[in-house]
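These protein sequence lines map, in sequence, to chains P and F. Positions 1 to 718 (the working numbering) are the ones given, in order, by the first sequence. Positions 1 to 467 (the working numbering) are the ones given, in order, by the second sequence.
Simulated from the structure, these hints should not be mistaken for laboratory data. Note that the coordinates shown come from a computational prediction; the quantities given were computed from them, not determined experimentally. All residues carry an ideal CB built from backbone N, CA and C; glycine is no exception. Possibly wrong hints are sitting among the right ones.
[As the list claims (entries may be wrong)] Restraint-style ranges between C-beta atoms, simulated for each label pair: (1) Asp314/F to Ser357/P: 54 to 62 Å; (2) Leu24/P to Gly391/F: 54 to 62 Å; (3) Val460/F to Leu24/P: 22 to 30 Å.
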Amino acid sequence: LTVCRQVMGSGAFPQVLAAAILGLICVLAFSSRLFAVVKYESVIHEFDPYFNFRGTQYAVEHGLGEFWNWFDDTVWYPLGRHVGHTVYPGLMVTASAIYNGLHKLGFPIEIRNVCVFMAPIFGANTAIITFFMTKEAWDTGAGLVAAALISMVPGYMSRSVAGSYDNECIAIFALLLTFFTFMKSVKTGSLKWAGICSVAYFYMVMAWGGYIYITNLIPAYTYGLIILGRYSPRLWVAYCVWYTLGSLFCMQVPFVGLSAMYNSTHMASHAVFFLIQVTAIMRFVRGILNAAEYRRLLKFIVLSIIGLGAVGGAVAFSVGYIGGATTTRFYTLLDPQSDKIPIISSVSEHQPSSWPSYFFDLHFMMLLAPVGVHFCVKRWTDSALFLVAYGMTSAYFSAIMIRLVLVMAPAAVMLSAIAISCSFNTFFVARDESLLDAKRKPKEFRKGEDDDGVDYDRPSSPTQALSSTVNSLMALITVFFVLLILLTFVVHSIWATSQAYSNPSIVMWAGGGNGRQRLLDDFREAYRWLNQNTDPDAKIASWWDYGYQTSAMAGRTTLVDNNTWNNTHIATVGRVMASMEDNAAPILRRLDIDYLLVVFGGYVGYSSDDINKFAWMVKISSGVYPKSVKEENFGHFSAGQDATPTMLNSMMYKMCYYRFHSPDGRRGYDVMRGPVGRNKFGLSVIEEAFTTEHWMTRIYKVRKDPNRSPINAVTYQI
Amino acid sequence: GLWVGSARIMMTKLFLICSLYFFCVFGGLVNKKVAREIDISSNIARVTSTITLQNDGSGAANEFYFALPAGNSTRLSAAFATQGDDDSLSVTEDASAKLSGAPAGATFYKVKLQTAIAAGEDTEVEIELVFTGAINPFPRTITQKDNQLVIFYDNLHFFSPYPTTEESVSVTLASSTVEGNYPKEDAEVSESTIKYKDFENVAAYSFELLMVHYQNNKPFVVAENLHRTVQVSHWGALQIEEAYKLVHTGAKLTGPFSRLDMMRFGAPSSVADVSAVLPAAASEIYFRDVIGNISSSEIKAGKGSGSEDDVDEDKIEVKMTQRFPLFGGWQTEFYYGYNLALENNMNITDSGKYQLTFPFASPLKEMVTQEMTIDIILPEGASDVTINVAGAAAKFLQSTTLSNLDTAGRPTFTLTASNIVSPDNDDVVVVEYNFSSGSLYQEPILLTVGFFCIFVTSMVVNWMFFQ
Numbered sequence: 001l002t003v004c005r006q007v008m009g010s011g012a013f014p015q016v017l018a019a020a021i022l023g024l025i026c027v028l029a030f031s032s033r034l035f036a037v038v039k040y041e042s043v044i045h046e047f048d049p050y051f052n053f054r055g056t057q058y059a060v061e062h063g064l065g066e067f068w069n070w071f072d073d074t075v076w077y078p079l080g081r082h083v084g085h086t087v088y089p090g091l092m093v094t095a096s097a098i099y100n101g102l103h104k105l106g107f108p109i110e111i112r113n114v115c116v117f118m119a120p121i122f123g124a125n126t127a128i129i130t131f132f133m134t135k136e137a138w139d140t141g142a143g144l145v146a147a148a149l150i151s152m153v154p155g156y157m158s159r160s161v162a163g164s165y166d167n168e169c170i171a172i173f174a175l176l177l178t179f180f181t182f183m184k185s186v187k188t189g190s191l192k193w194a195g196i197c198s199v200a201y202f203y204m205v206m207a208w209g210g211y212i213y214i215t216n217l218i219p220a221y222t223y224g225l226i227i228l229g230r231y232s233p234r235l236w237v238a239y240c241v242w243y244t245l246g247s248l249f250c251m252q253v254p255f256v257g258l259s260a261m262y263n264s265t266h267m268a269s270h271a272v273f274f275l276i277q278v279t280a281i282m283r284f285v286r287g288i289l290n291a292a293e294y295r296r297l298l299k300f301i302v303l304s305i306i307g308l309g310a311v312g313g314a315v316a317f318s319v320g321y322i323g324g325a326t327t328t329r330f331y332t333l334l335d336p337q338s339d340k341i342p343i344i345s346s347v348s349e350h351q352p353s354s355w356p357s358y359f360f361d362l363h364f365m366m367l368l369a370p371v372g373v374h375f376c377v378k379r380w381t382d383s384a385l386f387l388v389a390y391g392m393t394s395a396y397f398s399a400i401m402i403r404l405v406l407v408m409a410p411a412a413v414m415l416s417a418i419a420i421s422c423s424f425n426t427f428f429v430a431r432d433e434s435l436l437d438a439k440r441k442p443k444e445f446r447k448g449e450d451d452d453g454v455d456y457d458r459p460s461s462p463t464q465a466l467s468s469t470v471n472s473l474m475a476l477i478t479v480f481f482v483l484l485i486l487l488t489f490v491v492h493s494i495w496a497t498s499q500a501y502s503n504p505s506i507v508m509w510a511g512g513g514n515g516r517q518r519l520l521d522d523f524r525e526a527y528r529w530l531n532q533n534t535d536p537d538a539k540i541a542s543w544w545d546y547g548y549q550t551s552a553m554a555g556r557t558t559l560v561d562n563n564t565w566n567n568t569h570i571a572t573v574g575r576v577m578a579s580m581e582d583n584a585a586p587i588l589r590r591l592d593i594d595y596l597l598v599v600f601g602g603y604v605g606y607s608s609d610d611i612n613k614f615a616w617m618v619k620i621s622s623g624v625y626p627k628s629v630k631e632e633n634f635g636h637f638s639a640g641q642d643a644t645p646t647m648l649n650s651m652m653y654k655m656c657y658y659r660f661h662s663p664d665g666r667r668g669y670d671v672m673r674g675p676v677g678r679n680k681f682g683l684s685v686i687e688e689a690f691t692t693e694h695w696m697t698r699i700y701k702v703r704k705d706p707n708r709s710p711i712n713a714v715t716y717q718i
Numbered sequence: 001g002l003w004v005g006s007a008r009i010m011m012t013k014l015f016l017i018c019s020l021y022f023f024c025v026f027g028g029l030v031n032k033k034v035a036r037e038i039d040i041s042s043n044i045a046r047v048t049s050t051i052t053l054q055n056d057g058s059g060a061a062n063e064f065y066f067a068l069p070a071g072n073s074t075r076l077s078a079a080f081a082t083q084g085d086d087d088s089l090s091v092t093e094d095a096s097a098k099l100s101g102a103p104a105g106a107t108f109y110k111v112k113l114q115t116a117i118a119a120g121e122d123t124e125v126e127i128e129l130v131f132t133g134a135i136n137p138f139p140r141t142i143t144q145k146d147n148q149l150v151i152f153y154d155n156l157h158f159f160s161p162y163p164t165t166e167e168s169v170s171v172t173l174a175s176s177t178v179e180g181n182y183p184k185e186d187a188e189v190s191e192s193t194i195k196y197k198d199f200e201n202v203a204a205y206s207f208e209l210l211m212v213h214y215q216n217n218k219p220f221v222v223a224e225n226l227h228r229t230v231q232v233s234h235w236g237a238l239q240i241e242e243a244y245k246l247v248h249t250g251a252k253l254t255g256p257f258s259r260l261d262m263m264r265f266g267a268p269s270s271v272a273d274v275s276a277v278l279p280a281a282a283s284e285i286y287f288r289d290v291i292g293n294i295s296s297s298e299i300k301a302g303k304g305s306g307s308e309d310d311v312d313e314d315k316i317e318v319k320m321t322q323r324f325p326l327f328g329g330w331q332t333e334f335y336y337g338y339n340l341a342l343e344n345n346m347n348i349t350d351s352g353k354y355q356l357t358f359p360f361a362s363p364l365k366e367m368v369t370q371e372m373t374i375d376i377i378l379p380e381g382a383s384d385v386t387i388n389v390a391g392a393a394a395k396f397l398q399s400t401t402l403s404n405l406d407t408a409g410r411p412t413f414t415l416t417a418s419n420i421v422s423p424d425n426d427d428v429v430v431v432e433y434n435f436s437s438g439s440l441y442q443e444p445i446l447l448t449v450g451f452f453c454i455f456v457t458s459m460v461v462n463w464m465f466f467q
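Could you build all of it, start to finish, from the sequences and the hints given here?
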């Protein structure tokens, strides 16, 4: 199928065929994302999707109006969270729209299934929009190749398999839609496309915090065009409409609000808006003035802009008009060397990307994307340059944070598709032509509205025809190798999808010693136990990773969750885990904690457990409570024989290793960390309430405050 | 203990009242011989009395009564009676029965005999009574590794308006560990049974306390709530889904839970799984709860509802291991479902009506269902619906359910019931309704027309705007 598609990429062919191929690509994009459902079940994955799912359930049950006003008092106990105003609601809005639409049409589908299949549906949508965008920048053939590639590129697949109900799954679609419509509006200069672009941008702002990337890329691109002398009234229309409408739309999202005006992340768009007005005026003025006068005026204006800009910027910054807390994450993105905040860097997907991970996520596109850049630069159209700008910037950001490879993937795909399409055009032509009568009129290969940057050798005389047999052989070999690469890409992508990216991570397969596989479903066992056998008002404390899941699956009040908005609160929970029992007791009681939950992998060898995360807990809590929690007291966070006393007495250690020894009472053996440091100890403040089948989740109940002793009772009597 | 004392006083009172009316003969019937077998080997008490009933009166007797002491009738879940070899008799509660000498609060049950007993003749009748909630944990709380001890009270004698000439009582227990029993004298405890010395000439309405305190680690889970949905699709499937709320009603767990101890010593009173016995034709079985699939279920073919030896090729047993073991006081909610081929459950009556038949009780083995709701969802367009449960017209609530592509909604009938024991309850629900096969094609036609309209519209739009 892919091979077919590549062949089709070589020339003009009927629209219907292109549509049919695109349809097949959509089916491929949808179905290759269903591994998780087939291997496991139709279930929401991982951590954040559980919050989105819970939010969607709320939106569907209570309506969107209620959703905006939703103050959730069962999270961040006792603070609560105003969910409606601290969330990018695009995903929930989309899901509830699909849900309501289907119900109106007479399909009473479950909301869970809407959420699970959201990502595959948008995977197909993304393939379509990738086609149009590449077609816009290059041609139909490249568009189809790009659509085929994006339908299975692991970098995008990682965030869009069925069940991965996260903002990114719709955000990439929204991102590409905004880019496509912006390209279109720059090319046509039509208000219609610019308007559509603003709406697409609005959708993107609703969907994902990554909209900041667009907010900066479009001004950067516009600025680049102006510098390159490619300013045109079309660009003016496109930018000004996007800027004004887009910023207004931006402010309609409660979570963004007025920060679209004063936040430093939006400053570039304001500045370029100003600059483009100046450029437009200067263009106009140039028609009136003579060259010398114009140059003087230009010099004056440039200097005054720089001067005013510097002074104004400094004043605004010192007054505090620009800036804000949300920019810290943005600065970490700009400067890879900057000191990272522990709470951000404790998340593995916020680590810098390594070369293997690039190769894993993008495969041969790592090599072909630069070739695509080369072709785009050669063609030198506004649209092709946009692709270049998108590709270069996203490559930079993806190097800083692994998760941003996701943003780079479509750019890499489109650039590679152009490279593949170009090389196919070149070599297939060489081959075709050698077989054809040399006199026959060469086919029109490209509708190309601009100059065609690709030059290929065409045999035009009998002497050249001889050399073309060599060319033909070369061409055949080259085509063969490109096809081979594409084939390995398909194999790699499907393997990566099925093996690496289709795990719900809420339930997992584990190889047994006897070759049999067994399902580890401990998380749901624990959450379900909490849901069924604890007081509905119970407060559950765990490390923030499990907050969303506890809220969604156990339906109980949590203290901290994956929306890490309050560092102090997280540090407090970290302090509980890092303290001795007696020191933790007052905190437990003050925060009304009824149950403590830890994830322990020592029995089955599950590596992302709380002992391995413990270093981060200590790091974060020592940042807030430097006097109570001292990182150096924990040694190397070893839980084995060389563990420090502080480690052995910490709540975390005790909760993980309480009564973890072999049935005959011998020293416990942690599958991952070897013999445990301290074996037999009691608990005074807490007691074991439940431990799941494979010990992966352990729940402790905080004992009731002991009765006041008779002596104290006497002293309190008057 | 106090309870023995108070029971004894009550018993004495009752005995006095009973002796007062001893010489009154009711209808001339006499229980010539009664053999009572009390089976308390699970959390359900089953009392089987085999009675040789003699008619000492002048006329033929075609019915007789038995009774339950005050307070016992609410625990009665099912009553069966058979005469001779397999002639099942109808047992009905008779609130209006005015039998002289009846103690206050007693409930009477009338049994209609298949073949009347002529004067001076006798017949053999077997009565089986199924009680729920009669076996209760004592002590009420235990730790994880303790065995569960339960206590059971009953009348030592067959509670009958007629005098009994000869009576024997035996009790089958769940284990041979007996903490205590009353009356102690005349009782012979061996293995897991208690056998009493035969009684002779027992007066009518005799009441004497029987108490057994013994170890019973059998599953004490009951379905506090069961919601069954039975949906008919005339394309060929009967879809059944059952949502349970299971509660462990045994001795409550006290003190900490320990996974280590559970792995070392086990937890005798905990319940890890329940099993459903389904027809072998059941397909597409699933077992879930609101947070997803529960991946620990197992299907065994050819198992019957009874003991291990009772192999029935027409049945399969679905063993559903819950997410977590249930201890006393713990609960869990789950649902499971399956499809049955419609041809095995559907007939067409002589009058041309469709007749759907399915079992009334839960297919779970040894399960007490405290509250049950059944939603019967018939296909869109079904009319003239009658529903019979156990041969009698059932009361139901009528509503509609909207499913895929429905326009008017599917007629839905909701039945409710309480205190049902499976497998003892073998009632069937019979639903009869009219349905025209034309309604079957309504939805495919709707879809076809819908798509046709979309294509025509897009063609028109294309012509108008792009030509």
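The hints, checked one at a time:
1. Between aspartate 314/F and serine 357/P the beta carbon distance is about 57 Å. The supplied range of 54 to 62 Å therefore holds.
2. At roughly 59 Å, the beta-carbon separation of leucine 24/P and glycine 391/F lies within the given 54 to 62 Å, and the hint holds.
3. The beta-carbon spacing between valine 460/F and leucine 24/P, approximately 27 Å, falls within the hinted interval of 22 to 30 Å.
When each numbered hint is compared with the structure, no violation occurs for any of them.
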